[in-house]
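S.K.: Next come the chains, spelled out residue by residue.
Number of protein chains: 2
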Amino acid sequence: MNDKISLLGAGLIGSLMGVYLKKRGLDVAIYEKRRDWRKDKLAAEGRSINMALSHRGLKALEKAGLKEKVMPYTLPMYGRRMHDEHGNTYFQPYGKDNQAIYSVSRNTFNEILLEEADRCGANIFFNHKVETVDVENKRVRFLLADGSTKDISSEVIIGSDGAHSSLRNAFECQTRFNYKQEYISHGYKELRIPPTADGGFAMDPEALHIWPRGRFMLIALPNLDKSFTCTLFLPFEGYKVCFEKIHDGKDAEYIFQTYFNDAYHLMPDLAEEYDRNPTAALINTECYPWTVNNCLLIGDAAHAIVPFYGQGMNCGFEDCNILDELIGKFGTFSWDLVFEKFQKIRKPDTDAISTLAMENFVEMSDSMADPKFLIRKKIEAKLHELFPDEWVPLYSMVTFTDMSYSEAYAQGKLQEQIMDEVMRDPMISHKWDSLDFENILNRVDAVRSV
Amino acid sequence: MNDKISLLGAGLIGSLMGVYLKKRGLDVAIYEKRRDWRKDKLAAEGRSINMALSHRGLKALEKAGLKEKVMPYTLPMYGRRMHDEHGNTYFQPYGKDNQAIYSVSRNTFNEILLEEADRCGANIFFNHKVETVDVENKRVRFLLADGSTKDISSEVIIGSDGAHSSLRNAFECQTRFNYKQEYISHGYKELRIPPTADGGFAMDPEALHIWPRGRFMLIALPNLDKSFTCTLFLPFEGYKVCFEKIHDGKDAEYIFQTYFNDAYHLMPDLAEEYDRNPTAALINTECYPWTVNNCLLIGDAAHAIVPFYGQGMNCGFEDCNILDELIGKFGTFSWDLVFEKFQKIRKPDTDAISTLAMENFVEMSDSMADPKFLIRKKIEAKLHELFPDEWVPLYSMVTFTDMSYSEAYAQGKLQEQIMDEVMRDPMISHKWDSLDFENILNRVDAVRSV
Chain A
5 MNDKISLLGA
15 GLIGSLMGVY
25 LKKRGLDVAI
35 YEKRRDWRKD
45 KLAAEGRSIN
55 MALSHRGLKA
65 LEKAGLKEKV
75 MPYTLPMYGR
85 RMHDEHGNTY
95 FQPYGKDNQA
105 IYSVSRNTFN
115 EILLEEADRC
125 GANIFFNHKV
135 ETVDVENKRV
145 RFLLADGSTK
155 DISSEVIIGS
165 DGAHSSLRNA
175 FECQTRFNYK
185 QEYISHGYKE
195 LRIPPTADGG
205 FAMDPEALHI
215 WPRGRFMLIA
225 LPNLDKSFTC
235 TLFLPFEGYK
245 VCFEKIHDGK
255 DAEYIFQTYF
265 NDAYHLMPDL
275 AEEYDRNPTA
285 ALINTECYPW
295 TVNNCLLIGD
305 AAHAIVPFYG
315 QGMNCGFEDC
325 NILDELIGKF
335 GTFSWDLVFE
345 KFQKIRKPDT
355 DAISTLAMEN
365 FVEMSDSMAD
375 PKFLIRKKIE
385 AKLHELFPDE
395 WVPLYSMVTF
405 TDMSYSEAYA
415 QGKLQEQIMD
425 EVMRDPMISH
435 KWDSLDFENI
445 LNRVDAVRSV
Chain B
5 MNDKISLLGA
15 GLIGSLMGVY
25 LKKRGLDVAI
35 YEKRRDWRKD
45 KLAAEGRSIN
55 MALSHRGLKA
65 LEKAGLKEKV
75 MPYTLPMYGR
85 RMHDEHGNTY
95 FQPYGKDNQA
105 IYSVSRNTFN
115 EILLEEADRC
125 GANIFFNHKV
135 ETVDVENKRV
145 RFLLADGSTK
155 DISSEVIIGS
165 DGAHSSLRNA
175 FECQTRFNYK
185 QEYISHGYKE
195 LRIPPTADGG
205 FAMDPEALHI
215 WPRGRFMLIA
225 LPNLDKSFTC
235 TLFLPFEGYK
245 VCFEKIHDGK
255 DAEYIFQTYF
265 NDAYHLMPDL
275 AEEYDRNPTA
285 ALINTECYPW
295 TVNNCLLIGD
305 AAHAIVPFYG
315 QGMNCGFEDC
325 NILDELIGKF
335 GTFSWDLVFE
345 KFQKIRKPDT
355 DAISTLAMEN
365 FVEMSDSMAD
375 PKFLIRKKIE
385 AKLHELFPDE
395 WVPLYSMVTF
405 TDMSYSEAYA
415 QGKLQEQIMD
425 EVMRDPMISH
435 KWDSLDFENI
445 LNRVDAVRSV
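Chains as they are written, first to last, in this note's numbering: chain A, 5 to 454; chain B, 5 to 454.
It is possible that some hints are incorrect.
Pairs involving identical chains hold if they fit within one copy or between any two copies, as the list cannot separate such chains.
What the hints assert, rightly or not - Derived lysine-lysine pairs resembling DSS-like cross-links, with alpha carbons at most 27 Å apart:
| hint | residue 1 | residue 2 |
| --- | --- | --- |
| 1 | Lys348 | Lys249 |
| 2 | Lys27 | Lys67 |
| 3 | Lys381 | Lys154 |
| 4 | Lys435 | Lys142 |
| 5 | Lys184 | Lys133 |
| 6 | Lys333 | Lys230 |
| 7 | Lys244 | Lys348 |
| 8 | Lys184 | Lys348 |
| 9 | Lys345 | Lys244 |
| 10 | Lys133 | Lys244 |
| 11 | Lys73 | Lys386 |
| 12 | Lys184 | Lys333 |
| 13 | Lys8 | Lys345 |
| 14 | Lys133 | Lys348 |
| 15 | Lys345 | Lys249 |
| 16 | Lys154 | Lys376 |
| 17 | Lys8 | Lys254 |
None of these hints come from the bench; they were simulated from the model.
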């Protein structure tokens, strides 16, 4: 068989890329190792159950004509609702009025995208597990469900096959391929807050809930069925509260009663779920080059990031959008040129979001419980309100604009420097709303010109 | 088949480890993908032809009873001989009188070690190329020369299979295995200075020769047959002098005439060799853990470093020595314990030498041509002469002692700080030998206590 373009992996990124390529009139085959989950729903394997769609992802969907199809399956979250150890909660808006990120179930979402790829005419093959990729000859050998193998060759291979990408594994043997995989010290486990007895949400459904506890935290996102998916992030070992020291659901109940007591009372199946659900690890990967001999990595295959900025999927969708733009601009006469441009443009941005995602764990789990941090956020919100175009908080640049991640990162570092200075005033908590905000804004140019 | 201990790779490290394990009375099999090069000499594939043995390596050999067997095949190099662009040379001793590093051919050396492993009773299997490693069940599938496969299982598997280790590849799929491979911007090509017409060395054989040219350099090590093996280190691309811009041997001749004119006149076969010999890349790898389920990585498989400190092999031999010591101390009752101890003790040291090796390229190719750098070296040599135990230059700590690499690194950083201060004096070149050396020495404690 000789496909023009073979996409490895029919996850969120592969499916959207398939749609884009078909809309360009190209010949596309998508190979997926799992069974067709449209017919036979499978739990996503060790991956988070729901995602947070934000501006970059929505923009990519809109361009593919998919935004309207997806929106009915999402729930807007307008801010973070922090839960302290006494059961008090504090709401912190993500941005300005009506700016929200959207909770969506991975399975439903994947189904919509894959159906669209199918409808556009992509050939989709399930039960095709990559066994080997011969990069030089652009040949892939698949292991099929019956144990037999199938070989295909292709003009172009795009690896949208996730953090453990087979195409990237094949790249690893190429001379001068740089690669790094790093697991962070924390893992996670998914749990559930079911709907209330009368069928409603057990908490405010218009927020992402966080129980920040320093070295660990619990978060919860709303689902369409009025449940919440909770994710418990703990160090694997070495701390008072860590996965190694929680031997079973009974231990987990004790931990929840101590640290997340308000949530505990909403989780009747905690012990059982704790025992049943896997504890998963969190990987960060970086590699370069992304392209070898008309083969290209996109999404997590090129840059798997930790989930603490809610950007993994959005960043992958932006990959698809940018790649599609380059195909539009340069055509398919020279894939080499398109792929080379893509990696040159995109690598600094994915490096930036990778760093931000890593840094944001501290912000989510620790700083949010700190009153000074909340004052800081308020000053930044005020600056944004007064100078909506000149001072945009880093979170907003990343989440609600499509400014390049690396530009947002650089701008964020400037603002951080200025805010560090502002916060050095020991009386800041008392006088923050009478600050000379225009003066603070003007420091941006001063600092930038240094 | 069920071996007690399977070693993957019969290179320098695997062979020495085999000797150690046999001397402990253990059941050892060594599997090697290449043909038996005792019968059928093969050029080492894309790896350097000769190595520099120094203290750590010699100590490990001595403990295995191998030092006396190896020494006759080595040539002492007492210092660096630098060649400037005008053909002048400058000698810089490595250490004190009689301290030397020893040039030795990889092939001859490997032969000696492997014969010793054989003599001690290790079972050695050639033409066994690892196809897959099943870490969980400690099974290895080999591809044999006739195309058939062979499966073995083992109580313990030790991967001494180099920078592109198959065992490490198998570890990569293990959850929470951290891995990084990074190619540096420079590559290398080996060339040769033959003996003179009357059968002698064409240059001083008691030195390692360096032609430092800033972003690139040439080095040469003496061989027993009175030739020198030269290694040309150039950036792959992006500079005036780089591999990309040297299209063939003719271009190489032009470059040599311009930058290495004295060497050029000693290299009658330069153009032909340049065309024939491969251009090789330089990889740095770091990973952790080194052990999973009674499988262990040692040598380059655990930590491949760049060659600029001449420590790759010495560090690998020290791995063998330390592992053997731990087996002596804890026995083989619990391999888990031994391997766990090994990685805990050893990882900070291999990280340190990895960093030093990376940093030393600048020292070798650039600083050595700088007169201020030479003054600096002279001050350090004087300090070492006056206070032989209190001030040992970093190069000497690494090369002529078995102080742990991480301790040498830390001590070296302290000394660097002090020397930076000393060198800040604009008149230093004129007054360096009348400095108050005792005062300089005393700053070590002052800086350390900060």
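S.K.: Taking the hints in turn, state whether each one holds.
M.R.: A quick look at each hint next to the structure:
In this assembly of identical chains, lysine 348 and lysine 249 lie within 27 Å of each other by CA distance solely across copies; the values are 22 Å between and 45 Å within a copy. Taking the shortest alpha-carbon separations for lysine 27 and lysine 67, only the intra-copy value of 11 Å comes in at or below 27 Å, while the best inter-copy value is 69 Å. Taking identical chains as interchangeable, the C-alpha atoms of lysine 381 and lysine 154 are never at most 27 Å apart, the minima being 56 Å within one chain and 63 Å between chains. Neither within a single protomer nor between protomers do lysine 435 and lysine 142 lie at most 27 Å apart by alpha-carbon distance, with minima of 64 Å and 65 Å respectively.
In this assembly of identical chains, lysine 184 and lysine 133 lie within 27 Å of each other by CA distance both inside one copy and across copies; the values are 24 Å within and 26 Å between. Taking the shortest alpha-carbon separations for lysine 333 and lysine 230, neither the intra-copy value of 44 Å nor the inter-copy value of 60 Å comes in at or below 27 Å. In the homo-oligomer, the alpha carbons of lysine 244 and lysine 348 lie at most 27 Å apart only across protomers (22 Å), although the nearest pairing inside one protomer, at 44 Å, exceeds that limit. With identical chains, the CA atoms of lysine 184 and lysine 348 are at most 27 Å apart both within one copy (18 Å) and between copies (21 Å).
Taking the closest pair of Cα atoms, lysine 345 and lysine 244 come within 27 Å of each other only across two copies (24 Å); inside a single copy the shortest separation is 48 Å, beyond that limit. When the C-alpha separation of lysine 133 and lysine 244 is checked against a cutoff of 27 Å, the pair qualifies neither within a copy, at 41 Å, nor between copies, at 46 Å. Neither within a single protomer nor between protomers do lysine 73 and lysine 386 lie at most 27 Å apart by alpha-carbon distance, with minima of 36 Å and 78 Å respectively. For the identical chains of this complex, lysine 184 and lysine 333 are neighbours neither inside a copy (32 Å) nor across copies (35 Å), given an alpha-carbon limit of 27 Å.
Taking identical chains as interchangeable, the C-alpha atoms of lysine 8 and lysine 345 lie at most 27 Å apart only when both belong to the same chain, with a minimum of 20 Å there against 52 Å between chains. Taking CA atoms no more than 27 Å apart as the test, lysine 133 paired with lysine 348 passes in neither setting, with 30 Å inside one copy and 37 Å between copies. For the identical chains of this complex, lysine 345 and lysine 249 are inter-copy neighbours only, at 23 Å across copies versus 48 Å inside a copy, given an alpha-carbon limit of 27 Å. For the homomeric pair lysine 154 and lysine 376, neither the shortest alpha-carbon distance inside one copy (60 Å) nor that between copies (65 Å) is at most 27 Å.
Taking the closest pair of Cα atoms, lysine 8 and lysine 254 never come within 27 Å of each other, the shortest separation being 54 Å inside a single copy and 41 Å across copies.
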